[in-house]
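Just so you know, the protein sequences line up as chains A and B, in that order.
Each residue of the first sequence is one higher than the one before, counting from 1 in this note's numbering.
Each residue of the second sequence is one higher than the one before, counting from 1 in this note's numbering.
If you are wondering where the hints come from, they were derived from the structure by calculation, not from laboratory data.
Predicted, not measured: the structure shown is a model, and the values here were computed from it.
All C-beta atoms, glycine included, are put in the ideal place defined by N, C-alpha and C.
Hints may contain errors.
Not everything, but these chain B residues come out facing chain A in the computed CB check (under 8 Å) [as the list claims (entries may be wrong)]:
1. Phe53
2. Thr54
3. Phe67
4. Ser70
5. Asp72
6. Asp100
7. Gly107
8. Gln108
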Amino acid sequence: QSALTQPASVSGSPGQSITISCTGTSSDVGSSNRVSWYQQHPGKAPKLMIYEDTQRPSGVSSRFSGSKSGNTASLTISGLQADDEADYHCCSFAWPFSWVFGGGTKVTVL
Amino acid sequence: EVQLVESGGGLVQPGGSLRLSCAASGFTLSSYHMNWVRQAPGKGLEWVSYISFTNDIHYADSVKGRFTVSRDNAKNSLYLEMNSLTAEDTAVYYCAGDRDWAFQIWGQGTMLTVSS
Numbered sequence: 001q002s003a004l005t006q007p008a009s010v011s012g013s014p015g016q017s018i019t020i021s022c023t024g025t026s027s028d029v030g031s032s033n034r035v036s037w038y039q040q041h042p043g044k045a046p047k048l049m050i051y052e053d054t055q056r057p058s059g060v061s062s063r064f065s066g067s068k069s070g071n072t073a074s075l076t077i078s079g080l081q082a083d084d085e086a087d088y089h090c091c092s093f094a095w096p097f098s099w100v101f102g103g104g105t106k107v108t109v110l
Numbered sequence: 001e002v003q004l005v006e007s008g009g010g011l012v013q014p015g016g017s018l019r020l021s022c023a024a025s026g027f028t029l030s031s032y033h034m035n036w037v038r039q040a041p042g043k044g045l046e047w048v049s050y051i052s053f054t055n056d057i058h059y060a061d062s063v064k065g066r067f068t069v070s071r072d073n074a075k076n077s078l079y080l081e082m083n084s085l086t087a088e089d090t091a092v093y094y095c096a097g098d099r100d101w102a103f104q105i106w107g108q109g110t111m112l113t114v115s116s
């Protein structure tokens, strides 16, 4: 199973909005509502930010939102803040049974 | 506090074996499907294995036949037995509990280095 495709890096100024894309295939991203997004600060464990394509767990800021069109999922961070600087990983369930991650996107707050 | 704590990582020679453990506290492990996810130095995340709360098991192709996942609900613990290790298995190994098709709870990770 091939990794999902994410941009290596995305940057934005405080207060701006940025969007990270995650492209897969009809066997993973496009197959069902099972895309999730994780934030990972250096040296820390990943943290769930979005699940089932668009759902936000309790406690996660409403500045984080997920969407999907066809085989491409997206994570948007609005009102960018300094603490948003981290790596972001997308993940999708893939048929018949596996999980596939993207290569990760480094978000820099300018 | 809901927590997962991995242990058992270390330095192993190529071809060697190691067993990782993951202890849950603050919640019942049996209420989650459990996974191992690894991250090689400077790389992205890679899913390794899955065990459901009914003991349905799946592995990534990269570890199939070499790794064995198990759980002991009485001990609230998850395990990963790893054999025939190679340098490509060098990574931080995380245990992660999944619900709603996402990894909701993560441990802090344990480092495995395979080197002579």
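Here is how each hint holds up against the structure:
| no. | hint | verdict |
| --- | --- | --- |
| 1 | Phe53 | violated, 15 Å |
| 2 | Thr54 | violated, 14 Å |
| 3 | Phe67 | violated, 14 Å |
| 4 | Ser70 | violated, 18 Å |
| 5 | Asp72 | violated, 22 Å |
| 6 | Asp100 | holds, 5 Å |
| 7 | Gly107 | holds, 7 Å |
| 8 | Gln108 | holds, 5 Å |
Figure legend: structure checked against the earlier numbered hints; hints not met, in rising order: 1, 2, 3, 4 and 5.
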